[in-house]
Structures are given as C-alpha cells and as structure tokens.
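Peer 1: Chains A and B, in that order, are what the protein sequence lines are.
The opening position of the first sequence corresponds to residue 0 in numbering that gives the first Met the number 0, with each subsequent residue numbered one higher.
The opening position of the second sequence corresponds to residue 0 in numbering that gives the first Met the number 0, with each subsequent residue numbered one higher.
Simulated from the structure, these hints should not be mistaken for laboratory data.
Don't take every hint at face value.
Note that identical chains are pooled: a pair holds if it fits in a single copy or bridges any two copies.
Claimed, not checked - Straight-line Cα separation of at most 27 Å, DSS-like style, residue types lysine-lysine; simulated pairs:
#  : residue 1 : residue 2
1  : K98       : K118
2  : K5        : K122
3  : K64       : K101
4  : K64       : K118
5  : K64       : K98
6  : K118      : K45
7  : K122      : K101
8  : K118      : K5
9  : K5        : K64
10 : K118      : K57
Letter by letter, the chains look like this.
Number of protein chains: 2
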Amino acid sequence: MNQNEKLVRELWKCFNEVRFEDAYPLLHDDFTAEWPQSGELFRGAKNFIETNRNYPGKFLIEVLKIRHAGETVISEVSIKPEGGTPLFAVSFYEFSGGKILKAVEYFPDTYPAPEWRAKWASKILS
Amino acid sequence: MNQNEKLVRELWKCFNEVRFEDAYPLLHDDFTAEWPQSGELFRGAKNFIETNRNYPGKFLIEVLKIRHAGETVISEVSIKPEGGTPLFAVSFYEFSGGKILKAVEYFPDTYPAPEWRAKWASKILS
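Just chain A, same shape as in the assembly (with noise of 0.2 Å):
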C-alpha cells in the first residue's frame, strides 16, 4: 500500500473512530475539499474537519474500494448512520508534501429499487 493510500485510509479510520483532531496532521496547509453535489467549498483543514465533527448522527464507516489513477486515490466508502438511511462516498484525493492536498466527495445516498423498471433488474448479491 502506498503513502497516499495509507493517509486516505487513516482519514477514512479517524472518522470512523471519531477522532477528529487526528485527522489535521493527514492535511496539508492548503488542504481544501469540494462537495459539487451541493456546491460547497470547504478551504482549509479546520472548515472540513470541523464540517465532519458537526454531522448531525453516529455513523459506521467502511472502506470498500481504493483504486489509484495516477496520483489521484479514489475510494469508494459505505456509510451507515445509526438508524438512518445508508449511503455511499465516493471521494477522489490528491497529494502533495506526503498530506492529503484536496479532497472531492461525491455522497450518493441508498434508495429502495423503483418498481418502473424490476422487469429489466435483479439484485446485486453482496
């Protein structure tokens, strides 16, 4: 496993555990985040990681996938909040210094299968 892997990983962990204040030294100075889905632009560690303490809810998170396109790492993460409706993150990062550089988080969220189109679907067995 690569260096960036590993930190995208730690970062993915230190959310799970809710350990938050050991996420800021994975960040670099100029860290920034963008969540197109709502257009927002988090500048800077503190405005991301403090966005993350804040989410209302518990949440289990788990890290399904990494896959590396160039020196970009993608991860494609589960998210289950307690009692709430699961969703995904789908996040890609770049690097620069050995920190995680920028972050942009796409969040698709869980849906029942719409009965429109069931005679075209099966089920993904997991």
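Could you slot chain B onto chain A? The hints should help.
Peer 2: Below, chain B without anything else, positioned relative to chain A:
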C-alpha cells in the same frame, strides 16, 4: 485518448443524443451494470439500455472528467434533467475484447448547501 475511454465517451454521447440503438455495439455480450444505491444489477446490454431508454424525462449529459485507474475508466458526468434537479453520475467501467464489460455507477444528486455548516463552507467557483 485510448480505446476504452472512447467507448465510455461514445456511450454517454449515445445517451445524450437519445441514440440508444447505437449503444448496443459498445457493450460486451456478458455486460453487467451495478447501481449500488438501489442494489440493482442489470445483466446484458438489453436490460441496461432499456432501463436508460425508459428513464423518465429528458436529459442534457456532459462528461466532466475521465480518469484511468489501471484498466478501469472512471467518468464524472453532469446530468441535467429538463425542468428537474441536476445530478451527477460517477461510473467505473471495465472492458474486455474492445467492449465495455462492466459498469458500476453512482448517481449523486444536487441539493442546497445546508445552513448548519455554512460557517465552514464557501462556494465552488465553476
């Protein structure tokens, strides 16, 4: 642009231009698509293409970014429904024999930036 990337761009172009018949030759005989959000699996080109053909509404589709993670091609796509809420597609494609063999697709939707985290966020300048 490599052949796999061409296949992905052509698939989205077919969908954008409502030329569903032209999508068939891009897909492998053993093609499958997984939509993890709903747990749906589409086996074969027909089930996948008919689902897309029958998806309610008209859409303007734009490929925002293509990445390569080994043999996997990843597309980030903007989907703007006529008169509806825009969404994104983040899709992971695998290939065999010059065709698309597998797609795993997430469809994160857009939403207004929540007030509770406004103090930490600014706006993405696009």
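Peer 1: Now tell me if each hint is right for this structure.
Peer 2: These are the hints, each one checked on the structure:
In this homomeric assembly, K98 and K118 come within 27 Å of each other (Cα to Cα) only across copies, at 25 Å, whereas the closest approach inside a single copy is 47 Å. For the homomeric pair K5 and K122, neither the shortest alpha-carbon distance inside one copy (33 Å) nor that between copies (29 Å) is at most 27 Å. For the identical chains of this complex, K64 and K101 are neighbours both inside a copy (19 Å) and across copies (16 Å), given an alpha-carbon limit of 27 Å. Taking the closest pair of Cα atoms, K64 and K118 never come within 27 Å of each other, the shortest separation being 30 Å inside a single copy and 32 Å across copies.
In the homo-oligomer, the alpha carbons of K64 and K98 lie at most 27 Å apart both inside one protomer (20 Å) and across protomers (24 Å), since each shortest distance falls under that limit. Taking the shortest alpha-carbon separations for K118 and K45, only the inter-copy value of 11 Å comes in at or below 27 Å, while the best intra-copy value is 48 Å. For the identical chains of this complex, K122 and K101 are inter-copy neighbours only, at 15 Å across copies versus 35 Å inside a copy, given an alpha-carbon limit of 27 Å. For the homomeric pair K118 and K5, neither the shortest alpha-carbon distance inside one copy (42 Å) nor that between copies (30 Å) is at most 27 Å.
Taking the shortest alpha-carbon separations for K5 and K64, both the intra-copy value of 13 Å and the inter-copy value of 25 Å come in at or below 27 Å. With identical chains, the CA atoms of K118 and K57 are at most 27 Å apart between copies only, with a shortest distance of 21 Å across copies and 36 Å within one.
The structure fails hints 2, 4, 8 (numbered hints given earlier, in ascending order).
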